[in-house]
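A.B. asks: Given next are the chains, with one letter for each unit.
Protein chains: 2
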Amino acid sequence: MPRAVEADRLMNMTFNRFKKEASITEEELCREFFNEHCRLIKVKNEKIAVKNLALIIKTTIRLSNEIGFYSMSMRDLSRETGLSMGALYSYFPGKGRLLDMIHHLGGKTVMRVLQTYIEKEESPAEKLETAVRAHLYLSEIMKDMFYFFYMETKNLNKKNRKTPVASELLTERVFIDILKEGVKKGIFKIDDILLTGSVIKAMLQDWYLKRWKYRKRRINVEKYAGFVIRFINKNIIKELK
Amino acid sequence: MPRAVEADRLMNMTFNRFKKEASITEEELCREFFNEHCRLIKVKNEKIAVKNLALIIKTTIRLSNEIGFYSMSMRDLSRETGLSMGALYSYFPGKGRLLDMIHHLGGKTVMRVLQTYIEKEESPAEKLETAVRAHLYLSEIMKDMFYFFYMETKNLNKKNRKTPVASELLTERVFIDILKEGVKKGIFKIDDILLTGSVIKAMLQDWYLKRWKYRKRRINVEKYAGFVIRFINKNIIKELK
DNA sequence: GTCTATAGCCGGATAGAC
DNA sequence: GTCTATCCGGCTATAGAC
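If you're matching them up, the sequences are chains A and B in order.
In this text, residue positions in the first sequence follow the numbering used here: the first is 1, and each later residue adds one.
In this text, residue positions in the second sequence follow the numbering used here: the first is 1, and each later residue adds one.
Since the hints were derived computationally from the structure, they do not count as laboratory data.
Accuracy of the hints is not assured; some may be wrong.
It does not matter which identical chain is used: a pair holds within one copy or between any two.
[Unchecked claim] Subject to a maximum C-alpha distance of 30 Å in a straight line, what follows is the list of computed DSSO-like cross-link-like pairs (lysine-lysine): (1) Lys-159 - Lys-213; (2) Lys-162 - Lys-58; (3) Lys-44 - Lys-159; (4) Lys-42 - Lys-234.
Fair warning: this is a prediction, and the values are worked out from it, not measured in the lab.
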């Protein structure tokens, strides 16, 4: 591949480019949230509702990540959002349901974005790199939400408790499918596809579970992505170099 | 290295061998717990205290892993242990302190065992394999406790909140030091030691954070350990094969 | 739509009998 | 050492005024 073309291709995958393209704005997500749950939301004015939902969701995630969802009282949420107790309850039916609703929103968003990006690529090697970068970049944009998802699963009600497990397996499957395709086409050589998929997922999760560590060490998401991709490739690319 | 000798060396590192050698019994840990905190424990008869502490700690970890420490009420703990509310409070000063005390015990145990095993080895390559296996095997023996540590950090009181962070960095450092030594001796070739250490840690943690996944797939700890070691080695051993 | 005030309940902790 | 009975503070959730 000519150097210029390769450089151009790689340019597509920078974090800034992804951020612009994906354009996952708080407002857009909250509008989706509002439309999906309008039956449960007493406030009917969309403009007001979306604005306050953004505030409520953002604050819930922040407080939960600081002290845990269960430790966060409705009074805390009221104080930090500036909305009264009564007002809060016109945006969701109860504390437990709020957690379920946020989880639901997040799960949908992640899979949608991931799939969109992977479908663009042709070769398994490119698909893999794209999937790794898309996952890492997405978790960088929505880092608080990713952390929140991971830590606050036990507080979900029984009906939704399986959602994170399913979501874990679903994103892992995306990687496993790419690996399988690569092996089939003779591009990858892999001893254990299932375990390779697992550790890829583990490395991706580490990025948002140990944010404090990587921030302190001044490692940005692009550097981490590059490292992870090379680390994986050493194990799966036939005759590297 | 002759085949028989290598086989013999590897024999030392099977999970069963480790389990026997390390001999980390519940009772021994609880005796340590009792001696360390006897000032706070009202029950003075060691035999009774150790027996009930074992019950309390085990039940606390089980319930916390099911529904979260914060969701677990003292009444739940009373019901599940068969001890009355009053009795529970003669074993620890309060719910919050119980959490701190269990964390303290666990952190100490992990580092002690890890260090003991690593010190036995000579070459960096052997040290690395031993460290990986010791960490995985230990987390297999104490899997509930490891999971508990990871998930229940936000509920610690402020004074102890830094303990898990410190512990994360401490065990990571063990691996980074081994990597550095290997590079210095010309055995390893590593682009980024810090990041390599990070992803090693991430792969080790995945073992106890996703127990359900690996159990379902019938992957045992030895298979996982072997895979992880090969995965790492492909990235750090000079001129493999 | 948002507020204040309050109902009603649950959970941590303890006193004191055995 | 362990139990039962009870206190009390803080929590979620709602009623009703504005």
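A.B. asks: Check each numbered hint from earlier against the structure, then list the numbers of those it violates in ascending order.
C.D. replies: Hint 4 is the one this structure does not satisfy, whereas the remaining hints hold.
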